[in-house]
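Chains as they are written, first to last, in the working numbering: chain X, 119 to 492; chain F, 119 to 492.
Don't read these hints as lab results, they were simulated from the structure.
Take these hints with a grain of salt, some might be off.
Given that identical chains are not distinguished, each listed pair holds provided it fits within a single copy or across any two copies.
Straight-line Cα separation of at most 25 Å, DSS-like style, residue types lysine-lysine; simulated pairs [as the list claims (entries may be wrong)]:
hint: 1; residue 1: K136; residue 2: K171
hint: 2; residue 1: K171; residue 2: K237
hint: 3; residue 1: K171; residue 2: K328
hint: 4; residue 1: K237; residue 2: K217
Remember, predicted model here, so these are calculated numbers, not experimental data.
Here is what each chain is made of, one letter per residue.
There are 2 protein chains.
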Amino acid sequence: MSEALAELRRRLDSIDDKILELLRQRNDVVAEVSQAKLAAELPVFVPHRESEKARSFRRRAAEQGLDPDWAEDFLRMIMGASRAQQSTARFPRATPEAKRVLFVGGEGGMSRLFAHFFKASGHRVRSLDRDDWNRVESLTAEVDAVIVAVPIRRTASVIERLAPHLDASTVLADFTSQKADVLRRMLAAHPGPVLGLHPMHGPDVENLSKQLLLACPGRDPAASRWLLQQAGLWGMRIKTVDPQAHDRAMHLVQGLRHYLALLHGSFLRDCGLKPEQILDYSSPIYRAELMMTGRIFAQDAELYADIVLAEPERRRLLERFRDHHERLAALVSDDDKEAFAQEFNAIRDFFGDFAGQALEESGYLIHRLADRFA
Amino acid sequence: MSEALAELRRRLDSIDDKILELLRQRNDVVAEVSQAKLAAELPVFVPHRESEKARSFRRRAAEQGLDPDWAEDFLRMIMGASRAQQSTARFPRATPEAKRVLFVGGEGGMSRLFAHFFKASGHRVRSLDRDDWNRVESLTAEVDAVIVAVPIRRTASVIERLAPHLDASTVLADFTSQKADVLRRMLAAHPGPVLGLHPMHGPDVENLSKQLLLACPGRDPAASRWLLQQAGLWGMRIKTVDPQAHDRAMHLVQGLRHYLALLHGSFLRDCGLKPEQILDYSSPIYRAELMMTGRIFAQDAELYADIVLAEPERRRLLERFRDHHERLAALVSDDDKEAFAQEFNAIRDFFGDFAGQALEESGYLIHRLADRFA
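Turn these sequences into a full structure, and let the hints steer you where they fit.
Shown next as structure tokens:
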């Protein structure tokens with residue numbers, strides 16, 4: 119019996135070997151695609167081509183008796199790896215001539231990440247960090263764009279110190295996670311083109327393909343258009359947003375999220391229950407939750423405090439959140455199931471169809487997590 | 119130029135067709151493996167075999183110049199689908215003869231899910247729901263095991279009503295998400311074998327392979343061993359836990375998690391910012407967070423209130439959480455960055471190496487989410 123099973127397993131191994139060999143061949147073709155795209159100055163990520171490919175892959179998977187949903191996941195995974203591979207290569211340049219780009223805070227993670235991509239597209243990159251202010255004249259000379267990427271608490275002073283050295287034709291841009299105030303300061307300090315940017319990812323991503331770049335035009339958008347076009351050639355999704363609306367959303371997306379994770383982690387510590395112990399009792403969904411909280415504490419305390427306590431408006435929002443919690447906690451103290459269910463239903467109405475989408479997407483995540491780590 | 123690209127894309131399509139054809143062949147072999155395992159009475163999920171397979175797959179992927187980490191994800195995905203396929207087939211039976219299993223609350227999702235698996239293993243399944251109490255004598259007659267799977271607020275009364283009808287040799291088990299109190303009630307009401315169970319997944323899973331089943335032995339564990347062996351043959355991971363430790367962990371895993379999601383969702387509603395709008399400003403990590411919160415609101419309000427307000431101890435824990443929040447919120451009001459960073463560092467020490475693991479696992483999730491949905 120076990121011999122029959124062993125023989126079947128050898129057949130599986132042999133099929134898997136053939137799949138690996140085909141994936142290798144696929145990589146070789148993808149390398150040629152990279153070259154061809156580079157020559158034709160085409161971006162890495164073409165949404166239209168991906169969805170077309172997904173449709174035909176689903177159809178052909180169904181013809182082979184495979185589950186089309188599963189097959190699409192499978193294809194997305196292959197295509198993700200393919201984009202990653204293309205991103206290690208060179209990129210087309212958005213401009214006929216090489217541009218000079220200066221990163222202020224050039225030794226930070228985001229600066230180094232983007233410097234790599236500018237260089238891989240044939241531009242020239244300079245770096246100005248804490249110890250380089252004595253060379254500010256030569257570093258800003260004939261530079262086409264300056265990108266300020268320093269911790270938020272230093273952004274205002276850096277802009278004031280830097281701006282007087284810039285030529286009126288230089289694009290002044292920033293990567294700060296608050297936009298309204300910083301944009302105002304840049305416009306006041308620099309008479310030339312101004313562009314607010316906020317890349318919605320960390321410095322640890324392997325490539326920029328599919329990543330979201332939020333853009334707030336400040337002054338003379340035509341002069342900085344090449345910057346956004348260049349990001350598009352790296353495969354980034356670019357979205358123009360209103361600075362005030364951006365900041366309001368960020369109070370929740372960055373402020374509240376980090377604060378909630380702190381509350382969660384801090385209370386686990388208060389209860390003295392180690393995350394490793396809780397994993398013994400975890401459903402895949404709580405495992406995912408715990409991982410999302412735990413990742414915060416692999417980061418830097420000062421950066422964390424900067425994000426949560428960023429500005430008065432964010433602090434007021436968190437105070438309002440505390441008051442909100444107070445009201446809900448009263449329902450718990452009163453063991454008021456009816457009021458609790460009412461609150462729940464009101465939120466359900468507010469979430470509407472999104473709840474169904476969330477169930478599906480998070481269900482996908484949870485299955486992946488169970489496949490990979492359980 | 120675009121002709122060269124089109125030709126390369128045709129080559130990719132042709133390679134993808136060959137991969138699909140191999141996946142189909144693989145499914146055929148997996149179907150034979152299922153049959154062989156059934157004949158040999160072997161479980162679907164064999165952790166040892168999976169890790170061995172993963173090691174050799176990584177090695178061979180590296181030989182083909184593919185990233186071993188990526189290749190392992192890829193393999194886990196193929197193997198997950200393979201387990202799912204095996205789970206649609208029949209299962210070996212843990213006992214020489216068919217057992218009779220009665221589900222109380224038999225029309226609920228968990229009952230129906232497990233009833234399916236018992237039947238697929240050759241056992242006989244009965245169902246007792248609200249309207250069947252007039253037939254309780256015949257339904258409990260000669261039954262080998264009774265599994266109580268009713269909403270938590272009805273568990274105690276159902277046990278009291280049911281127990282007098284059971285033969286002293288019948289195993290009394292339950293699926294309730296609280297263990298200490300329910301186990302005490304079962305032991306008091308029934309003189310025969312007692313086993314507390316808590317499957318750590320919802321009724322919507324496609325198969326039980328790799329799912330966690332927590333077990334609290336009550337009385338005469340030898341008499342109920344076949345139940346756990348049967349679950350093992352479905353591929354479940356079985357963990358014996360102390361009922362009190364289980365309940366303490368569940369206050370956090372179920373109670374606090376659901377409560378935090380309510381706080382988050384309820385505050386978004388208070389702010390009037392629709393989830394769809396926030397997605398426009400979301401990093402993949404916040405998207406994952408929002409999906410984890412949003413999924414709660416695709417569920418039932420009453421079930422939700424039952425989970426959060428389950429018992430006095432859980433409510434006291436949530437009150438303690440409110441007080442804890444109060445203390446942290448004071449740091450926000452005072453804009454006390456230093457104390458905030460201190461709190462952060464204390465939690466980081468408490469999380470220890472787990473934070474690194476969390477960064478890696480959640481990073482994996484976030485990449486999958488970006489590949490699939492962005």
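Here's how the hints hold up against the structure:
For the homomeric pair K136 and K171, the shortest alpha-carbon distances inside one copy (22 Å) and between copies (15 Å) are both at most 25 Å. In this assembly of identical chains, the alpha carbons of K171 and K237 never lie at most 25 Å apart, being 31 Å within a copy and 41 Å across copies at closest. With identical chains, the CA atoms of K171 and K328 are at most 25 Å apart within one copy only, with a shortest distance of 16 Å there and 32 Å across copies. For a Cα distance limit of 25 Å, the shortest separation of K237 from K217 inside one copy, 10 Å, qualifies, whereas the shortest one across copies, 69 Å, does not.
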